[in-house]
Structures are given as structure tokens and as C-alpha cells.
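Visitor: Protein chains in written order, with the working numbering: chain D, 1 to 362; chain A, 363 to 422.
Incorrect hints may have been included.
What the hints assert, rightly or not - If you want the footprint, here are the derived chain D segments under chain A, 3+ residues with CB under 8 angstroms:
no., stretch
1, 291 to 303
2, 320 to 328
3, 350 to 361
To be verified - Residues from chain A that face chain D, not an exhaustive set, calculated with beta carbons under 7 angstroms:
no., residue
4, K364
5, L371
6, I382
7, D389
8, P396
9, D398
10, D400
11, D403
12, Q405
13, W410
14, I413
15, A421
Read the hints as simulated data drawn from the structure, not as lab findings. Ideal placement from N, C-alpha and C gives every residue a C-beta, glycine not left out.
Residues per chain are reported as follows:
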Amino acid sequence: MAITRAFKNAPHQRRRQVPLVINGDMQIAQRGTADVTGLGDGDEGYVLHDRMRHTLEAGAGRYTCKQTADAPSDSGFSNCLELDCTTADTSIAATEVFNIDYRMEGQDLQYLKYGTSDAEYLTVGFWMKADAAVVYSVGFIEIDNSRSIRQVFTTGTDWTYHCIPFIGDTVSGPNNDLGEGMRLRFCFHAGSNLTSGTLATSWQGTTAANTHVGGGSFFASTDRSIKMTGLQLERGYFTAETMPPFQHESFGENLERCQRYCTGITKEANYGPVMFAHGIDANTCRGAYFFDTPMRTAPSFTHTGNIIRSFDTATALSSATATSTRFSHSIDWTGSNLFGANEGILLTFNTTAASLIYDAEL
Amino acid sequence: MKIKSVKKLPPAISGEDSTIVRITQTDDSWWDVPMDNDNVDWQELQIWAAIDGNNIADAD
Numbered sequence: 001m002a003i004t005r006a007f008k009n010a011p012h013q014r015r016r017q018v019p020l021v022i023n024g025d026m027q028i029a030q031r032g033t034a035d036v037t038g039l040g041d042g043d044e045g046y047v048l049h050d051r052m053r054h055t056l057e058a059g060a061g062r063y064t065c066k067q068t069a070d071a072p073s074d075s076g077f078s079n080c081l082e083l084d085c086t087t088a089d090t091s092i093a094a095t096e097v098f099n100i101d102y103r104m105e106g107q108d109l110q111y112l113k114y115g116t117s118d119a120e121y122l123t124v125g126f127w128m129k130a131d132a133a134v135v136y137s138v139g140f141i142e143i144d145n146s147r148s149i150r151q152v153f154t155t156g157t158d159w160t161y162h163c164i165p166f167i168g169d170t171v172s173g174p175n176n177d178l179g180e181g182m183r184l185r186f187c188f189h190a191g192s193n194l195t196s197g198t199l200a201t202s203w204q205g206t207t208a209a210n211t212h213v214g215g216g217s218f219f220a221s222t223d224r225s226i227k228m229t230g231l232q233l234e235r236g237y238f239t240a241e242t243m244p245p246f247q248h249e250s251f252g253e254n255l256e257r258c259q260r261y262c263t264g265i266t267k268e269a270n271y272g273p274v275m276f277a278h279g280i281d282a283n284t285c286r287g288a289y290f291f292d293t294p295m296r297t298a299p300s301f302t303h304t305g306n307i308i309r310s311f312d313t314a315t316a317l318s319s320a321t322a323t324s325t326r327f328s329h330s331i332d333w334t335g336s337n338l339f340g341a342n343e344g345i346l347l348t349f350n351t352t353a354a355s356l357i358y359d360a361e362l
Numbered sequence: 363m364k365i366k367s368v369k370k371l372p373p374a375i376s377g378e379d380s381t382i383v384r385i386t387q388t389d390d391s392w393w394d395v396p397m398d399n400d401n402v403d404w405q406e407l408q409i410w411a412a413i414d415g416n417n418i419a420d421a422d
């Protein structure tokens with residue numbers, strides 16, 4: 001009886017301690033949660049959802065990015081990444097492209113044994129819902145050796161689970177470092193430079209023309225929409241029937257893993273503290289922020305909205321980074337005749353929306 | 363990034379080399395980017411700076 005109970009209560013044997021994809025449930029959006037409209041040509045980067053990168057060279061096409069409270073019923077998901085086409089583009093130039101990327105560090109992929117005869121399959125799983133049955137493509141780019149593999153899939157108008165296994169690359173693999181080793185790329189729109197070849201269904205040197213062969217266009221009409229959630233990657237060959245269940249994390253665990261790549265500090269209350277600083281002279285003080293989670297690399301920084309010296313609500317301070325490291329970041333804040341040398345100062349938000357963003361993304 | 367201009371920021375300690383640049387974008391938003399080869403914004407900036415006519419201005 002005791003042995004039976006031991007077996008019944010044995011923990012589920014996970015193939016990996018934590019999911020390879022961070023924020024696959026689209027819960028974390030440190031850069032903001034309000035819809036971002038008018039995205040188009042050149043609007044490249046991270047928009048709302050942490051770790052989900054938009055890559056765009058889209059001519060006239062425009063779209064809105066949303067974090068939407070929609071997901072397959074009984075799936076355990078609450079949110080999705082939603083893309084809505086707002087301006088169609090049916091005259092597609094050769095160079096046009098619209099991708100959503102998930103970028104991974106090379107050091108996190110060594111267990112796949114790429115570049116050896118034992119290279120492992122990697123299976124992509126995700127839920128998607130679209131306005132119509134449209135063929136899009138998905139696959140990997142191995143960055144360090146410029147190699148690629150692709151597959152196409154067809155969306156449904158209801159939430160549909162897609163499960164696509166990719167064979168491992170026995171020729172080469174990502175470097176064992178913190179740089180981008182591999183990129184999972186969804187392609188939703190492409191010009192002839194990316195469609196005129198033969199789809200790269202086996203690993204090969206990256207050839208742009210073999211990327212989105214037979215694929216449709218997200219910008220075909222303003223009816224186009226895509227919702228995606230439950231993005232997961234599993235080592236091994238799986239089908240929709242055998243794919244291991246999505247490894248749900250707590251919101252806190254998910255956020256902590258995202259913070260290796262982005263740390264966002266947003267005003268939640270009037271005069272909420274931002275950081276301590278010390279006065280350098282009458283016009284400048286230097287403050288520091290210490291990251292809860294060490295970042296992947298020294299981050300880029302920006303802030304929006306007003307940061308003030310505590311109680312001095314009239315003067316919005318200007319900022320300039322002094323030093324940036326994986327562990328901490330210092331800023332010189334300037335304002336006319338507000339400080340004294342070696343004086344201790346508290347900096348706070350004011351009464352309007354404001355945020356500090358530290359970005360060490362791939 | 364839609365880069366309008368790039369300028370080095372003053373060093374953390376006077377007399378030392380700058381280690382940060384400020385990128386101002388066409389919409390006037392900005393990013394402070396460390397000159398760190400693992401930072402992808404700095405990597406992209408190297409490509410931008412290699413194009414004729416693009417310059418990283420010295421700090422004031």
C-alpha cells in the first residue's frame with residue numbers, strides 16, 4: 001500500500017525543470033498593457049508582452065498589438081497576444097516581412113546537443129485563433145551558424161492547438177554563451193525575397209527565399225487577426241496527442257524569469273518612491289537602482305513621465321545614465337537648484353503615469 | 363529603432379571615458395545604451411554607425 005501511494009504521488013517527470021519558453025502564457029507585459037496602435041514599418045522590438053519580439057518591414061500595413069483576456073476554454077490560460085490588422089497591404093514589396101520572434105540564449109540550448117549525431121528534436125506547441133484559415137510559417141534560425149528550418153501551419157477560426165516537431169541539427173549548434181543562439185520565428189507576412197524558393201523543411205544554411213514559401217499574409221485585409229497563447233518548446237518528438245502539458249508557473253516565477261531581459265518599474269501610486277540618490281551639486285544628484293534579478297547584460301534604459309525630488313512636485317527631473325551593469329544602474333538626475341552636495345535625496349513618481357524601463361533583451 | 367541622433371553621455375567620473383550613449387529616436391523618445399558588446403541595442407548601433415553619414419557625437 002505504501003509503495004502504491006509512493007508511485008501515485010510521485011512528481012510528474014518533467015523533461016526540464018522550468019519551461020524553455022518564458023512567458024509562453026502571455027501573462028507578463030512590463031512595458032505596458034494598453035493597446036499599442038499604428039504599428040508598422042520599422043516599429044521593431046518588444047511591444048507589450050515580455051520576450052515576444054516584433055520584427056517588421058511592412059510597407060503600408062499597420063496593426064494593433066493587444067494583451068487580450070482570451071484563451072482556449074479549460075486550458076488554464078487567461079491571456080493571449082493579439083494582433084489586429086488595421087491597414088491592409090496587398091501590394092507586397094519584395095523585402096516586406098512581419099515576424100514574431102522568441103529569442104533564446106545559446107547557453108540555454110546546449111542540452112539539445114546540436115552539432116552532434118545525437119541532436120535532439122525540438123517540438124513547438126501553441127494555441128492560435130485567427131479570422132480565417134490562413135497558412136503561416138514557423139521555424140528556427142540558429143544564429144551563430146546562420147542555419148534555418150521551417151514548417152507551415154494553417155490557422156483555424158476557433159482556438160486550435162498546433163504541435164510541430166523539428167529535427168535537431170547535427171551539423172552545428174549555438175555557441176555556449178549569453179548571446180542569441182536560436183530564434184523561434186513565426187512569419188505572418190512576407191514579400192518575394194522570402195517566398196520565392198523552396199521551404200526549408202530540413203536544416204540548411206539560411207536562405208531568405210526559403211522562409212515563407214506558400215505562406216499567406218496577415219496584411220491581406222483589415223479582417224485579419226491572430227491570437228496566440230500557450231507557446232511552449234519541448235525537447236523531443238511529440239504530436240498534439242503526446243505533447244507534455246504546458247508547465248504553468250506562478251505569476252511571480254514568470255515575472256522573475258522575464259526580469260533577466262526586462263525590468264519595468266511603473267508608477268502605481270502618487271509620490272511612490274523610485275530610488276535614493278545623493279547630491280553632487282546644486283543641479284545634479286546621482287541615484288541607483290539594484291536589480292532584483294541580475295540582467296542578461298548591462299541594460300539599456302529609458303524613462304517616461306515625471307520623476308521628482310520628494311515634495312518638489314513642480315520640477316520634473318531630467319535623467320542621464322551614469323553607469324549600467326547586470327546588477328545595478330546609476331542615473332544622474334538634473335534640476336535647477338534642487339540639491340545640495342552630499343545631501344541624501346528621495347526621488348519619487350509624481351501624479352501622472354510614469355515608468356522606468358531597463359532592457360537587456362536579445 | 364528609428365534613430366534620429368546618437369550622442370555619448372558624460373562619464374560617471376570626470377576625466378574618464380564615456381561608457382553610455384543616448385539614442386534619440388525620430389519620435390523623440392530616447393534610450394541610454396551601454397557600450398557593451400552583449401547589449402543588442404549597442405550591436406545594432408554599430409551597424410547604424412557604419413553607414414556613411416551616421417555619427418556618434420561626443421559628449422558635451
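Visitor: Next, verify each hint and record whether it holds.
Guide: Each hint, compared with the structure:
1. Counting residues of the stretch 291 to 303 of chain D whose beta carbon lies closer than 8 angstroms to any beta carbon of chain A gives 7, which meets the minimum of three for the stated coverage.
2. Restraint check on the stretch 320 to 328 of chain D versus chain A: 5 residues with Cβ-Cβ distances below 8 angstroms, three needed, restraint holds.
3. Interface restraint, the stretch 350 to 361 of chain D with chain A: holds (3 residues with C-beta to C-beta distance below 8 angstroms; minimum three).
4. At a threshold of 7 angstroms, the smallest CB-CB gap from K364(A) to chain D is about 5 angstroms, leaving the interface hint in force.
5. Interface restraint check: L371(A) against chain D, minimum CB-CB distance 5 angstroms, threshold 7 angstroms, status holds.
6. The beta carbon of I382(A) is positioned within 7 angstroms of a beta carbon in chain D (closest approach about 5 angstroms), and the interface hint is therefore held.
7. Because the closest C-beta pair between D389(A) and chain D is about 10 angstroms apart, greater than 7 angstroms, the hint is violated.
8. Using the Cβ-Cβ criterion of 7 angstroms, the hint placing P396(A) at the interface with chain D is satisfied: the shortest such distance is roughly 4 angstroms.
9. Using the Cβ-Cβ criterion of 7 angstroms, the hint placing D398(A) at the interface with chain D is satisfied: the shortest such distance is roughly 4 angstroms.
10. With a cut of 7 angstroms, the hint placing D400(A) at the interface with chain D holds, because the nearest CB-to-CB distance is about 4 angstroms.
11. Here the hint on D403(A) is kept, as its CB sits about 5 angstroms from the closest CB of chain D, short of 7 angstroms.
12. A least Cβ separation of about 9 angstroms between Q405(A) and chain D goes past the 7 angstroms threshold, and the interface hint is therefore violated.
13. Interface restraint check for W410(A): the shortest CB-CB distance to chain D comes to about 13 angstroms, outside 7 angstroms, so the restraint is violated.
14. A least Cβ separation of about 15 angstroms between I413(A) and chain D goes past the 7 angstroms threshold, and the interface hint is therefore violated.
15. A cut of 7 angstroms between beta carbons decides the hint on A421(A): the least distance to chain D is about 10 angstroms, and the hint is violated.
The structure shown violates the earlier hints numbered 7, 12, 13, 14 and 15.
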